[in-house]
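Number of protein chains: 2
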Amino acid sequence: MQRYWSRVTQQLTPYVPGEQPKIDGLVKLNTNENPYGPSPKALEAIRQATGDGLRRYPDPDASAFKAALARHHELALEQVFVGNSSDEVLAHTFVGLLKHDLPLLFPDITYSFYPVYCGLYGIQYQEVPLTHDLSIQVEDYLRPNGGIIFPNPNAPTGRLLSLEQIERVVAGNPDSVVVVDEAYIDFGGQSASTLINHYPNLLVVQTLSKSRALAGLRVGYALGQAHLIEGLERVKSSFNSYPLDSLAIAGATAAIEDTAHFQQTCKAIMQSRERLTLALQGLGFEVIPSAANFVFARKPGHAGADLLAALRERKVIVRHFSHARIADYLRITVGTESECQALVEALKAILSA
Amino acid sequence: MQRYWSRVTQQLTPYVPGEQPKIDGLVKLNTNENPYGPSPKALEAIRQATGDGLRRYPDPDASAFKAALARHHELALEQVFVGNSSDEVLAHTFVGLLKHDLPLLFPDITYSFYPVYCGLYGIQYQEVPLTHDLSIQVEDYLRPNGGIIFPNPNAPTGRLLSLEQIERVVAGNPDSVVVVDEAYIDFGGQSASTLINHYPNLLVVQTLSKSRALAGLRVGYALGQAHLIEGLERVKSSFNSYPLDSLAIAGATAAIEDTAHFQQTCKAIMQSRERLTLALQGLGFEVIPSAANFVFARKPGHAGADLLAALRERKVIVRHFSHARIADYLRITVGTESECQALVEALKAILSA
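Residue numbers (our numbering), protein chains in the order written: chain A, 7 to 359; chain B, 7 to 359.
Some hints here could point you the wrong way.
Given that identical chains are not distinguished, each listed pair holds provided it fits within a single copy or across any two copies.
Below, a list of computed lysine to aspartate or glutamate pairs in the EDC-like style, where the Cα atoms sit at most 20 Å apart [what the hints assert, rightly or not]:
{"hint": "1", "residue 1": "Lys28", "residue 2": "Asp58"}
{"hint": "2", "residue 1": "Lys321", "residue 2": "Glu343"}
{"hint": "3", "residue 1": "Lys34", "residue 2": "Asp65"}
{"hint": "4", "residue 1": "Lys354", "residue 2": "Glu280"}
{"hint": "5", "residue 1": "Lys28", "residue 2": "Glu319"}
{"hint": "6", "residue 1": "Lys354", "residue 2": "Glu239"}
Just so you know, the hints here were simulated from the structure itself, not pulled from any lab data.
Kindly produce the complete structure, drawing on both the sequences and the hints.
So, in structure tokens, the structure goes:
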């Protein structure tokens, strides 16, 4: 019955997200969720919006949310694009700005959704190998291309590029769009959003799922000069006129405005990350320096898949990727102090068994 | 700076939704919103879900909501697909099931998003003219095609096809997918969902925006045999793993389960529609028989655009389409009794001026 599917559907290799099991007592460190809750002000804004008004369509432009983002990033309103998660924003970006005759470039080890989007939209791409220590090398991106995309910090390695390195990629590719996917930028990196007014080819993508603790609300956005945003708006308005529901608009606006909660929780996560890194190193793990809310680590002599399974038996779940270059590694979300400790204790027990 | 846009983006003609003005005292009858609020149980379920749990990703399968839909429509779980509005569900349907070598067929007068999706995904299509009285004629759809889509009742005419007529289209096209877009089916029509187990090529699309009064929550769904749903799941998982946020899942599940509120509000709207139709006919309007929550009407000798503008001056907004065949018509949402009366009074004043 696949005969009813379009050719592109038959050829797709869909993305597989980290699991969302509903098991009591689980220590869930597999999908980089924030261990602290969202801003109480965001929750209150959602409650205020929960009423008869839901019979109305939302503001198709989500103007209130865009205005909050413009203020937060010190950009103009027409330099902001919003969507139902940064995954949706990325999807529109792939078809809207990254589909050209020359191949799109992205790292061989990176967010594994990128090649999936290419499959959906028929985009040619080349994977650029990370160096031996899993770093992005700027020089590798200074060659003919139809676009460039990478996360900063990169996923799942957690490695950060400096703003100067980002600028070299952007300045070195004036004819193609460079997308910096900053899902994890708030945990120690410097956003490239400050470069936007200098470069017509730079698009920065962010999400409220990690540093704003609103994975359940599905809100993401892109920042760039007005002509790039206009391109994205054209795609959005050819797909779904109202991607953000009224509750998401209300909650996301309040979340962006609550700077105190944001800074405090990001700081706590960065502190836990440093402690977790030391604890893992104490157990003999090699931990890649991380600027994200996760660490990427391996224990020489132990296969990642085996550790994953052993942790799961102890009700701790983390993430593992089968790509050969990183098959030894585990990606471990930075949880609360007690979650991190539970993970470390479980690893101790596994390694001493 | 359009040089950064992909070719498809440069060529797009995006959809333009009905406006959402924020003007006090406006009688807003332009976007077919439900004049009654959503189920109080849906609002309560949203409030219950508004908490720290929003830091977690939603269930990517929205299993609770799918289960409620399966029960409501007496179908299996794997016969249900859900998305962030029926617009998103339709978009995935276009690229997933309607993109083939032969052209897609849809009426010349219909939901104006259909040709926009075709532009986004590069789908060939043929518009099939409605008859002189703006009816869909079944025989016109019994010819070679790569897929068929139409709303039932049709938009913006409101005209309904019987279940028997739908079945003739579906049975007559065993090699292509027939999509029945039932955004307005709950206001007097018979859903084709009862045919699903008999036809492997039938997909039914519904929304919670109209009869469930949740336009602000952005929830839609599709029903069909498992192989069609699997095709849609492949596209969804190549676009956005979690299209429905946790609040939408909670509210939509409760809304589907609240049958009493649903039936009562639909009945009230149908009664108002009949009264509004009579009142308009009393003013000399020709009103197409409607099975939707709107009426499509014209007053001989008066241009639709002129009436639209005159109504707007009196703070009543309705919708008008510039397509030549229907340029005389106004599409008027069935509001509350007092909203309908305000519209009729405004028209009386305009016509006697």
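Hints and how they fare:
In this homomeric assembly, Lys28 and Asp58 come within 20 Å of each other (Cα to Cα) only across copies, at 16 Å, whereas the closest approach inside a single copy is 32 Å. Taking the closest pair of Cα atoms, Lys321 and Glu343 come within 20 Å of each other only inside a single copy of the chain (17 Å); across copies the shortest separation is 58 Å, beyond that limit. Within a single copy, Lys34 and Asp65 get their C-alpha atoms only as close as 35 Å, which misses the 20 Å cut-off; across copies the closest is 14 Å, which meets it. Proximity of Lys354 to Glu280 under the C-alpha cut-off of 20 Å is restricted to the intra-copy arrangement: shortest distance 18 Å within a copy versus 73 Å between copies.
Only within a single protomer do Lys28 and Glu319 lie at most 20 Å apart by alpha-carbon distance; the minimum there is 15 Å, versus 55 Å between protomers. Taking the shortest alpha-carbon separations for Lys354 and Glu239, neither the intra-copy value of 51 Å nor the inter-copy value of 40 Å comes in at or below 20 Å.
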